[in-house]
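Sequences and hints are given; from them, build the entire structure.
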Amino acid sequence: MNLDQVTLEIRPRSAWEAVDLGLLMARRWWLPMTKVWLIASLPLLIIALVIPTDKWWISALLIWWLKPLYERPLLHILSHAVFNDLPDTRSTLKAFPSFAFKQLLLSLTWRRLSPTRSMDLAVLQLEGLSGARRQDRLGVLHREDSSPAGWISFFGLMMEFFLWIGMISLIWSFIPRELNIEWAGLFFSNESTQLIELQIILWYCALVLTAPFYVACGFSLYLNRRVKLEAWDIDIAFRRIVNKRNTAPSSNALAIIFSMLLGLLITSTADTAYADATQTTAPTSEHLPGMETDSDSDSGAIIVDKPLGDYIELNRDTAQRAIKDVMQQSEFSRKEKISAIKWDTEEKKEPSVFWKKFFDFLRNFEGFIAAASVLEILLWLIVIALVAFVFYRYRHWLAAQFVRIKPTQVLREKPVTLFGMDITRESLPHDISQSAMDLMRAGDSRAALALLYRASLFQLIHSGVEIQDGHTEGECVQLMREHFSPSGNTHKTPHNADARIDYFALLTRIWQQLAYGHQNPDTQVAEQLCKQWNLCWLNKTANAQGGAQ
Amino acid sequence: MLLDTRQSLETPEGALLPLTPAGFGVRALAQILDILIRFGITTVIFIVLSLLGRMGIGLALILTFLLEWFYPVFFEIARNGRTPGKKWMGIRVVNDDGTPITFGPSLLRNLLRVVDFLPMAYLTGIVASLCNRQFKRLGDLAAGSMVIYDAPPLAEPSFAVRGQLPVPAGFSTDEQRALLAFAERSNYLSAERQSELATILQPVIHAKDPVIAIKQMANTMVGKQ
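Taken in sequence, the protein lines are chains A and B.
Residues 756 to 1304 in my numbering are what the first sequence lists, from first letter to last.
Residues -19 to 205 in my numbering are what the second sequence lists, from first letter to last.
Think of the hints as simulated: they come from the structure by calculation, not from any bench.
For each residue, glycine too, the CB sits at the ideal point set by N, CA and C.
Certain hints may be false.
[What the hints assert, rightly or not] Simulated coverage check for chain A against chain B, where a stretch passes if three residues somewhere in it have a Cβ under 8 Å from a Cβ of chain B:
1) 903 to 909
2) 991 to 998
[Stated by the list, open to error] Label pairs and their calculated CB-CB ranges:
3) B:F26 with A:L848: 56 to 64 Å
4) A:L953 with B:L16: 45 to 53 Å
5) B:S175 with A:L848: 41 to 49 Å
6) A:A1125 with B:F26: 51 to 59 Å
If you want it as structure tokens, here you go:
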């Protein structure tokens, strides 16, 4: 039994994880364990079957009750297999008598129902402890991580029972329905002896199936506890460290250490391996005496005057008084003078009678009903008014939220002067073309074009083009184009809109050249413009003139 | 091959992800707890809704049905694989590859609970879980899920020794970890066992008091004074 040979991954596990390791162990060594269990307990089964069937529960109980005896060879196998020394069936059976009778009587009587039986078996069988030493050892082992031991006993029992019922119902489900066997009769009737023997055999099978797992789980719990208490994993790791560093030189010394630690499992290392639980109790009790002397006191005078530490009998009242006395000393208190106005309560009596009468009168006054309804109406009116006010106050916001209202058109005044020129009707002559022509002939082409331009602007403004004070000449042309464009709104466009646009564009260009560039226009073009003005802008007059010409 | 409960999944990056599948014992306890919780809720539902007469009973039956079937699914999805019972026992459900359980597998494994329950008390599930290394019941096998232990919370180490000592050169990570484990678990070891263990290392560390020396090395590793 050498830790180097161990076939488990040694590390401290949680309690339930240790149980799971037990399940894995049972899985790996299931076959040898089951074989030994079957061989060892076969005589018992035969005895159980020989017992008359009307006492069938005795046989069932007997098989179950003697389980601890047949768990011992399983533990023997496991304890060797863990250290890579799996015994064969023959040697196990040969060794069986050597451990079968250790404390057997105790195991089969009052320890039989111990819930931690699976975990405790190793102490008895592998460590060979008994009596008080065994109890001490169990106390150490059970200090932690032993709660699953009880649970696996419970689960094991349940498993045995359920497996038994499960197997019976499996067989029953293969019986054709035509045979019409009563379900309850299978369990409870004592008529058929074969059936009862079958049930006992099934019970035995259920025990066979659960025993390896139960023993392995208990052993694993025990092992885990020892791994934790004795730090086997650290032991292994430290040995590896040393081995790696001086393989050759001090192999002799190593061998000695090895031999010292051989047989960790069976030899009783219990004495050195007690977990040191007392370490954790912190010396908090030191403070207690001091606190007691503090609270020892009799009365205020005594506590102040007498030196501390004298023991004085005291009761609750004197202690209270002492505390009060101390608290009233000037160090702990201060006096305040508070002045405030208070109602004079004596004069209040008469008015209170008056008010009482008044309220009594009011309580019975029927006019209140009418008043109340009036008040109600008033209140409702106020509510309505408030709502209305709110609607009015936020009408724009509401409109913006729900209704699209066209913003009210701001009426703008039509400009009177543009580009520093008068464009009122009064400032314009009656016949624009003629006046312009006259001015042209007089040689004042600037005045003539200015007149044409002013008159054109006047016409534009009054035909609805929104020319404002800040617009430039170019923008005026642009605005006019937009205003009369075919895609434009419902403005009624005159039939000669294009002609007007062309005319105005040309006039604007020439006027700009003259006004800002001081370039005299071509006389012919200027005269043409003068003539065309009436034609272009005043349809009727143009026609009339055309007719006259 | 050493027998171990812990199984390591290897990620594509080559990192080992240690998972510890939980066996039927701890899971049975978790299930018992969950059953008790469900029983409590069902009782309250019936008491309250029976005040509404027959309609109330009908509603209570529907609610009980939903509770019975979707209680584990809900908690496994919403609580990272832990129903209240599992949380109590420190276990949780994950996918095969260690990722958190998702709706599909959770639903499947919980619907197949009925199969695992047969013929009674999860006998099929227990037998199935003993037949594979991940302790999977049939529902887990079908859904590709498994139940693992949560990693225990790490405790603040306290070695009850002051001072630092350098770790000898050439100690590998595993070897340093062994030193640290010695210091961390020395609270649970008797003084005799401590010196017994520390003496093993004496040929390597050559210290006056190997126990204190190892703890001081541990102080160095965790950065304590």
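Hint check:
1. 903 to 909: holds (count 3)
2. 991 to 998: Since 6 is at least three, the answer is holds.
3. B:F26 with A:L848: 56 to 64 Å: 58 Å, holds
4. A:L953 with B:L16: 45 to 53 Å: 37 Å, violated
5. B:S175 with A:L848: 41 to 49 Å: 43 Å, holds
6. A:A1125 with B:F26: 51 to 59 Å: 57 Å, holds
Of the hints listed earlier, the one the structure fails to meet is number 4.
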